[in-house]
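If you're matching them up, the sequences are chains Z and E in order. According to this note's numbering, the first sequence holds residues 1 to 451 in order. According to this note's numbering, the second sequence holds residues 452 to 902 in order.
No wet-lab data here; the hints were simulated from the structure. Note that CB positions come from ideal geometry on N, CA and C, so glycine has one too. All the pointers check out, no bait thrown in.
Non-contacting residues of chain Z with respect to chain E, defined by C-beta distances greater than 12 Å in every case (computed):
| hint | residue |
| --- | --- |
| 1 | 131 |
| 2 | 258 |
| 3 | 292 |
| 4 | 295 |
| 5 | 302 |
| 6 | 356 |
Cβ-Cβ distance ranges computed for the label pairs, FRET-style:
| hint | chain 1 | residue 1 | chain 2 | residue 2 | range |
| --- | --- | --- | --- | --- | --- |
| 7 | Z | 412 | E | 705 | 49 to 55 Å |
| 8 | E | 846 | Z | 228 | 42 to 48 Å |
| 9 | Z | 263 | E | 516 | 35 to 41 Å |
| 10 | Z | 153 | E | 705 | 23 to 29 Å |
2 protein chains.
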Amino acid sequence: MDQNLNAEAVTLTKTFCAGLAATRLGDLSVAALRAARRGVLDWIGCALAGSGHKTITTLLDVLQETSGRPQATVLGRNLRLGLLDAPLANGQMGHVLDYDDTHMGGVVLHTSSPVLGALFALAERAPVSGADFMLAYAMGFEAGVRSGRTAPGHHKGGWHLTGTLGSIAAGAAAGKLLRLDPQRLAYAMGIAATQAGGLQQNRGTMCKSFHAGKAAANGVLAALLAERGFDSTQEIIEGEKGFCRTYSDVAEPERLTEDFGNGWLIETNGHKPYACGVVLHPLIDAVIAIRDRQAIDPAKVDEIGLRVHPLVLSITGVREPATGLQSKFSMLHAAAAALIDGAAGVAQFSDAKATDPTIAALRRKVKPVADEKLRRDEAYACIAVGKERHEIHIAHATGTADNPMSDKQIEGKFLANAAPVIGADRARRAVDWVGALEQRADMHELIALVA
Amino acid sequence: MDQNLNAEAVTLTKTFCAGLAATRLGDLSVAALRAARRGVLDWIGCALAGSGHKTITTLLDVLQETSGRPQATVLGRNLRLGLLDAPLANGQMGHVLDYDDTHMGGVVLHTSSPVLGALFALAERAPVSGADFMLAYAMGFEAGVRSGRTAPGHHKGGWHLTGTLGSIAAGAAAGKLLRLDPQRLAYAMGIAATQAGGLQQNRGTMCKSFHAGKAAANGVLAALLAERGFDSTQEIIEGEKGFCRTYSDVAEPERLTEDFGNGWLIETNGHKPYACGVVLHPLIDAVIAIRDRQAIDPAKVDEIGLRVHPLVLSITGVREPATGLQSKFSMLHAAAAALIDGAAGVAQFSDAKATDPTIAALRRKVKPVADEKLRRDEAYACIAVGKERHEIHIAHATGTADNPMSDKQIEGKFLANAAPVIGADRARRAVDWVGALEQRADMHELIALVA
Chain Z
1 MDQNLNAEAV
11 TLTKTFCAGL
21 AATRLGDLSV
31 AALRAARRGV
41 LDWIGCALAG
51 SGHKTITTLL
61 DVLQETSGRP
71 QATVLGRNLR
81 LGLLDAPLAN
91 GQMGHVLDYD
101 DTHMGGVVLH
111 TSSPVLGALF
121 ALAERAPVSG
131 ADFMLAYAMG
141 FEAGVRSGRT
151 APGHHKGGWH
161 LTGTLGSIAA
171 GAAAGKLLRL
181 DPQRLAYAMG
191 IAATQAGGLQ
201 QNRGTMCKSF
211 HAGKAAANGV
221 LAALLAERGF
231 DSTQEIIEGE
241 KGFCRTYSDV
251 AEPERLTEDF
261 GNGWLIETNG
271 HKPYACGVVL
281 HPLIDAVIAI
291 RDRQAIDPAK
301 VDEIGLRVHP
311 LVLSITGVRE
321 PATGLQSKFS
331 MLHAAAAALI
341 DGAAGVAQFS
351 DAKATDPTIA
361 ALRRKVKPVA
371 DEKLRRDEAY
381 ACIAVGKERH
391 EIHIAHATGT
401 ADNPMSDKQI
411 EGKFLANAAP
421 VIGADRARRA
431 VDWVGALEQR
441 ADMHELIALV
451 A
Chain E
452 MDQNLNAEAV
462 TLTKTFCAGL
472 AATRLGDLSV
482 AALRAARRGV
492 LDWIGCALAG
502 SGHKTITTLL
512 DVLQETSGRP
522 QATVLGRNLR
532 LGLLDAPLAN
542 GQMGHVLDYD
552 DTHMGGVVLH
562 TSSPVLGALF
572 ALAERAPVSG
582 ADFMLAYAMG
592 FEAGVRSGRT
602 APGHHKGGWH
612 LTGTLGSIAA
622 GAAAGKLLRL
632 DPQRLAYAMG
642 IAATQAGGLQ
652 QNRGTMCKSF
662 HAGKAAANGV
672 LAALLAERGF
682 DSTQEIIEGE
692 KGFCRTYSDV
702 AEPERLTEDF
712 GNGWLIETNG
722 HKPYACGVVL
732 HPLIDAVIAI
742 RDRQAIDPAK
752 VDEIGLRVHP
762 LVLSITGVRE
772 PATGLQSKFS
782 MLHAAAAALI
792 DGAAGVAQFS
802 DAKATDPTIA
812 ALRRKVKPVA
822 DEKLRRDEAY
832 ACIAVGKERH
842 EIHIAHATGT
852 ADNPMSDKQI
862 EGKFLANAAP
872 VIGADRARRA
882 VDWVGALEQR
892 ADMHELIALV
902 A
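Given these sequences and hints, build the entire structure.
Spelled out as structure tokens, the structure:
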């Protein structure tokens with residue numbers, strides 16, 4: 001193997017980075033700009049809702065010991081930490097409730113927690129306009145989702161993509177915000193990808209959202225190093241020992257640049273109406289829709305039959321969750337709690353609900369079946385009560401690209417998430433501020449509102 | 452898949468951690484204690500020799516911007532950084548010259564840069580005795596090498612093991628130093644492994660040694676989080692989506708605990724006489740031995756024929772190195788420089804030597820052949836000068852378990868590395884101090900000597 005270490009060489013990764021570097025706000029579509037506004041608002045709400053979680057408190061106990069200089073704001077905590085520490089905290093709090101946006105364009109990636117965790121910290125290093133912020137954010141989607149597409153076996157291999165692809169996305173977005181040239185952007189991607197980690201084995205533990213925080217911090221570090229000329233391979237994605245061949249049994253490197261600029265991936269970002277693993281959403285939609293149609297006494301239910309995509313069983317197979325975090329990966333819990341409460345918000349995945357005996361009893365009546373013919377946003381449910389059968393088919397779960405949440409729904413979700421932490425007035429002002437994001441001169445005004 | 456999230460469950464990882472937690476200094480062999488002393492001394496020397504490298508200066512430019520509280524010493528730089536930042540710097544400087552110790556017990560792992568990078572920082576958080584430090588250090592070898600053995604396809608897959616296994620080793624060692632119970636040690640391993648990264652594609656770049664620094668920092672963060680009850684899976688190594696199945700095409704999880712306590716892996720640690728990739732060492736031994744036997748005019752050499760283990764070609768295949776870092780992964784460069792200079796130290800792998808036209812001309816005469824029948828510490832060389840043929844066979848390279856450097860050689864290497872940075876007097880005192888490591892009350896005395 002002769003590695004391509006020649007800095008002058010034209011490589012696929014550098015070609016991609018040249019595209020990132022050349023893209024201007026004017027190149028983005030109206031849909032991309034709208035998606036950026038929605039994404040920023042929804043993510044801040046999720047982070048604020050997660051900011052008081054015991055996972056975050058534990059993390060902050062450590063970071064307050066180890067971090068020094070107050071350089072960047074930890075959302076919702078009236079706290080500032082160092083430039084590499086605040087992204088860890090913000091990235092993790094954005095993902096801790098599993099309530100943050102999800103891109104399903106060939107990969108399942110919670111892009112905003114890594115990317116915005118990184119960008120919000122850098123926006124306090126030097127003033128950043130809303131326009132530059134949105135542009136960097138959108139480029140993070142390009143880097144993360146496209147890198148994921150080069151490695152189709154990546155998720156099956158055991159990786160938590162929000163950790164791995166999230167690192168790459170955060171590094172590229174951070175590098176874009178710092179206006180790195182194509183060469184240094186390639187270094188940023190190389191440094192970010194070589195830090196990428198996150199094992200699916202950690203689903204249901206505090207580590208799952210930690211992956212998002214680490215990805216954000218990895219991205220900031222990568223961009224700051226690259227800015228100073230710290231180098232990496234020129235071929236981090238496509239190289240023989242690079243990302244797509246190491247993290248996946250199948251490699252399609254050319255997908256990194258395929259159709260670049262012909263539409264933007266941020267346009268198809270999805271937002272979650274429910275605070276749990278996205279694969280659960282179609283079945284929750286189904287159970288709630290049946291319940292909305294007619295009153296059902298949970299105590300009399302004989303069976304909740306579910307027909308779902310096979311990923312639901314492999315990702316959310318926890319049978320007896322002991323904690324709220326575990327319950328977010330339990331299809332049995334999601335179905336049972338949704339039928340009893342008619343909801344699947346933050347409250348339905350608390351520690352108390354995870355061990356609630358009524359829910360636990362109903363969980364045992366949930367009978368899931370995998371069906372490879374279903375899409376990932378599709379589900380069938382059949383609830384049996386005595387001789388009655390209540391059936392429904394959900395074609396596209398709420399919050400997916402084919403059935404998106406409305407702007408009004410996103411705003412409602414944000415206010416519900418943010419108001420308890422920063423107050424209704426500030427939450428309202430944040431909605432208005434983000435509504436004109438591309439005209440804002442300094443992101444710090446927004447940060448001050450949600451600190 | 453029903454993940455085992457029950458905190459009460461007995462898992463392989465927890466059984467292993469129970470072994471780590473129960474081990475006392477008195478359980479270590481005389482050979483293990485000697486290896487610990489040699490390892491600490493050699494590693495400090497390598498870190499000091501690397502402390503002025505431009506890679507480290509670039510890294511420190513960033514860390515001095517982002518790090519705040521001066522909690523832990525950066526070796527050789529008269530600088531203190533935060534508890535998560537100093538390990539990054541020290542771990543990277545230990546490995547930047549590719550001169551640090553190498554364990555070849557089924558995996559190729561530079562254990563000390565991640566592990567000691569982590570432990571030296573924590574030794575400034577609260578006073579630590581030499582005995583406790585050595586014990587934690589030895590347990591780092593157990594965790595790193597044994598985790599590697601569970602994943603036999605790990606290196607072939609593209610990973611730089613010093614980044615991946617180094618994270619696990621550093622997390623376990625740091626957890627041991629903090630005296631975590633088996634449950635929390637398992638969390639520390641889980642948090643460390645879920646951060647593990649490092650791609651071989653980055654060989655020859657600044658990122659290669661960065662992997663070691665990140666591993667050290669990952670390990671400290673993992674242990675500090677675990678200490679406070681931040682949880683992880685109980686089965687990070689053996690789980691269906693855990694380390695050995697995700698990072699390797701072949702999984703042998705039971706090797707984690709196999710024969711635990713029956714001898715210690717630190718005993719077979721190797722120390723490098725040459726400042727470059729360890730697979731090059733047998734061929735360098737060969738070239739220098741021929742040169743020592745009789746005078747050879749490099750200008751008259753027609754060919755340097757080499758027969759080597761296949762890994763030499765796959766790992767050190769750089770043909771035209773442009774930098775010193777790249778030259779450390781060029782078998783052609785190593786053979787040529789060794790024949791001209793009769794040495795393969797730090798000086799032979801500088802930027803200047805990498806582009807020296809005399810060495811470059813001789814590089815083109817090096818003809819390597821892979822031979823699967825050779826061991827990794829074995830090589831044949833045949834130097835052709837006109838009609839003369841000078842041949843040699845190296846059975847075990849210097850510095851490997853079967854042909855170790857003597858204590859005197861390690862001491863000489865340390866003094867050569869350390870004296871230019873901290874002065875001959877301090878270097879001498881460090882040798883004496885480490886010579887009685889297990890009796891020392893506070894590691895901080897040593898840190899003050901080498902700061």
